[in-house]
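Listed here are the chains, written in short residue letters.
There are 2 protein chains.
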Amino acid sequence: MFKFRMLVSAIALTGSMSVMAADALPTTAPAPANNPTTPEKVELGKMLYHDPRLSSTGTVACASCHNTMLGGEDNRPNSMGVNGQTGGRSAPTVWNAAFNKVQFWDGRADSLEAQAAGPVTNPIEMGMKSWDDVVARLKTIKGYRHAFELAFGSDAEAITKDNATKAIAAYERTLITPNSAYDKYVKGDKDALTEQQERGLKKAVELGCTSCHSGPAFNGPGVFQKFPVNSSGFFEAQYHFQKDKGLAEVTKKDSDEHLWKVPTLRNVALTAPYMHNGSVKTLDKAVWLMAKLQLNKELPDADVADIVAFLNALTGEFPAQTIPQLPGTPGSSFN
Amino acid sequence: MFKFRMLVSAIALTGSMSVMAADALPTTAPAPANNPTTPEKVELGKMLYHDPRLSSTGTVACASCHNTMLGGEDNRPNSMGVNGQTGGRSAPTVWNAAFNKVQFWDGRADSLEAQAAGPVTNPIEMGMKSWDDVVARLKTIKGYRHAFELAFGSDAEAITKDNATKAIAAYERTLITPNSAYDKYVKGDKDALTEQQERGLKKAVELGCTSCHSGPAFNGPGVFQKFPVNSSGFFEAQYHFQKDKGLAEVTKKDSDEHLWKVPTLRNVALTAPYMHNGSVKTLDKAVWLMAKLQLNKELPDADVADIVAFLNALTGEFPAQTIPQLPGTPGSSFN
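Protein sequence lines, in the order shown, are assigned to chains A and B. Counting with my numbering, you get residues 80 to 414 for the letters of the first sequence. Counting with my numbering, you get residues 80 to 414 for the letters of the second sequence.
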């Protein structure tokens with residue numbers, strides 16, 4: 080906690096006249112050396128991302144739960160996979176996910192490429208038996224053969240799990256929402272925020288929100304944080320935050336219990352409901368609970384309203400993109 | 080049958096040098112007097128069409144089963160609605176549906192507006208309890224209030240079932256796929272069809288396919304046809320075509336048994352599997368079965384291949400459209 084307080088103070092001190100919690104959002108995302116972003120990969124990735132035929136039933140695409148049209152997620156507490164199955168976690172937004180150091184709520188994937196491989200074969204998400212089955216299905220679709228060859232060359236068999244996840248990741252790196260009111264503000268347009276939003280920003284910094292939610296995507300500087308820090312039977316009975324042990328569910332280490340990736344606050348006004356289990360319906364309740372459970376402060380309504388106003392200033396511009404036309408299936412066998 | 084044969088002969092006779100089964104597809108669709116197409120309605124309709132929050136679970140949009148990216152349907156034998164439920168029919172394509180005289184496989188809706196109202200409250204499709212619930216939910220989404228007012232004016236309450244279905248229909252009237260190889264051919268580019276496609280067209284006309292599948296959308300001149308005309312225990316055991324009584328399921332009249340809307344052949348190569356119950360996986364099998372069951376002819380493989388080649392010439396250009404950004408939900412309560 081001492082380290083946190085130091086950081087909060089440092090940020091708060093800089094903010095007397097022109098409060099800044101982070102730089103503007105970059106308009107491009109860095110790509111790993113082994114997967115440089117190319118237009119052909121992005122186009123293929125967009126197709127795969129929106130193609131429900133990557134699921135066992137042919138009904139669930141990446142975009143079903145991480146809906147690019149709907150704030151990058153599904154507005155549900157937990158997502159619904161094939162055959163109406165649900166899990167315990169809320170879908171994180173895909174927009175600006177390129178700026179996360181780790182992926183999934185529990186941070187178990189260290190890249191967008193690694194993340195993209197997961198849901199496809201998760202039995203309650205997209206339900207494919209194996210990536211071999213996915214690859215076999217994609218190979219039956221003539222248009223995909225062409226698109227993979229354009230993106231990855233035709234020297235060897237281009238349709239592979241590795242290339243499919245690389246293409247999806249390349250597409251996701253283009254999903255960036257710049258030019259929010261906050262971005263305009265930090266670039267010098269001091270009228271871009273309303274007075275209430277400016278007040279909310281100042282309060283968020285002073286309160287300590289930005290000790291975890293800082294940096295251009297408001298998701299750092301740390302990678303993982305414990306949540307909830309302070310809880311009680313009262314809150315647990317209502318929200319069940321501790322039922323899911325976060326990173327420890329993967330590592331099985333006691334020290335990782337209730338550690339979660341710090342989620343971005345970009346476009347947070349569009350991604351209700353909130354928290355890893357989607358148990359909090361509204362943004363004002365989420366703000367109040369974060370202050371209470373993480374910082375042990377009970378915020379008055381006016382402070383909540385100001386901070387929510389500021390968070391609305393983090394809603395960016397969603398770049399126009401065309402609907403991909405998916406190549407036809409010669410014969411279909413979903414059931 | 081006599082009337083059919085007359086029509087076939089008349090069409091076949093005109094086709095000796097330059098075979099034509101139909102005019103080119105129009106690039107605009109007529110709208111009813113009470114719902115003229117406007118850009119604002121189309122934009123709102125596109126949003127509603129792609130919004131899964133029109134379903135009880137928040138997971139099934141119009142576009143889930145009538146996927147504009149995927150040939151206008153879902154490539155499944157039958158569609159999957161909320162909570163993994165399935166029905167007995169295959170989703171018809173939305174592309175060029177504006178040129179159908181009636182909608183649904185059984186033709187029970189006489190307009191796109193009437194059709195749009197159906198699936199939303201069908202318990203196995205989108206599962207909303209009532210349109211009142213849909214309207215109430217839409218009213219909680221601020222961005223929709225604005226979009227409805229733009230489209231329908233703000234004199235009265237703009238968010239209504241009537242306006243929602245009008246907007247969806249207006250959007251659907253823009254989903255037209257012109258400039259297929261066939262369209263170029265009938266406009267005078269005689270090289271637009273391959274020799275095999277030209278042969279397939281001629282055979283389709285001579286055989287009698289175009290006695291039912293004629294006109295610019297290859298779905299007339301009649302509205303309903305009996306299917307199957309000739310069946311047997313052998314085919315019934317394999318495909319179960321007669322299990323579903325078509326129009327008679329709605330009207331309860333014996334004379335309507337097994338009557339179906341004649342579906343468009345536009346983009347048919349993209350919409351496997353085939354027939355009202357999606358029981359036929361491939362286009363070549365569908366062609367063979369239609370000849371056998373409707374015209375009592377057993378086609379040799381070469382004829383099937385030629386006709387399939389021609390049907391591929393009916394795949395049009397899908398107009399580029401941008402992904403709609405759906406307005407955010409302030410608080411979410413799907414489950």
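Check before you lean on any hint, since a few could be wrong.
[Unchecked claim] BS3-like mimics (lysine-lysine), calculated; alpha carbons at most 30 Å apart, straight line:
1) K180/B / K221/A
2) K218/B / K364/A
3) K221/A / K263/B
4) K269/B / K221/A
5) K376/B / K269/A
6) K281/B / K263/B
7) K282/A / K221/B
8) K364/A / K208/B
9) K331/B / K281/B
10) K208/B / K371/A
11) K364/B / K208/A
12) K218/B / K360/A
13) K281/B / K364/A
14) K218/A / K364/B
15) K360/A / K269/B
16) K371/B / K360/B
17) K180/B / K331/B
18) K281/B / K240/A
19) K266/A / K221/B
20) K360/A / K360/B
21) K281/B / K208/B
22) K332/A / K282/A
23) K208/A / K180/A
24) K221/A / K360/B
25) K305/A / K269/A
26) K221/A / K281/B
These are computed hints drawn from the structure, not numbers from a lab.
Now for the hints, and whether the structure bears them out:
no. : hint            : result
1   : K180/B / K221/A : violated (33 Å)
2   : K218/B / K364/A : holds (21 Å)
3   : K221/A / K263/B : holds (24 Å)
4   : K269/B / K221/A : holds (27 Å)
5   : K376/B / K269/A : violated (77 Å)
6   : K281/B / K263/B : holds (16 Å)
7   : K282/A / K221/B : holds (27 Å)
8   : K364/A / K208/B : holds (28 Å)
9   : K331/B / K281/B : violated (39 Å)
10  : K208/B / K371/A : violated (38 Å)
11  : K364/B / K208/A : holds (28 Å)
12  : K218/B / K360/A : holds (17 Å)
13  : K281/B / K364/A : violated (68 Å)
14  : K218/A / K364/B : holds (21 Å)
15  : K360/A / K269/B : violated (61 Å)
16  : K371/B / K360/B : holds (17 Å)
17  : K180/B / K331/B : holds (21 Å)
18  : K281/B / K240/A : violated (44 Å)
19  : K266/A / K221/B : holds (29 Å)
20  : K360/A / K360/B : violated (44 Å)
21  : K281/B / K208/B : violated (50 Å)
22  : K332/A / K282/A : violated (36 Å)
23  : K208/A / K180/A : holds (29 Å)
24  : K221/A / K360/B : holds (16 Å)
25  : K305/A / K269/A : violated (35 Å)
26  : K221/A / K281/B : holds (27 Å)
When the structure is compared with the earlier hints, violations turn up for hints 1, 5, 9, 10, 13, 15, 18, 20, 21, 22 and 25 and for no others.
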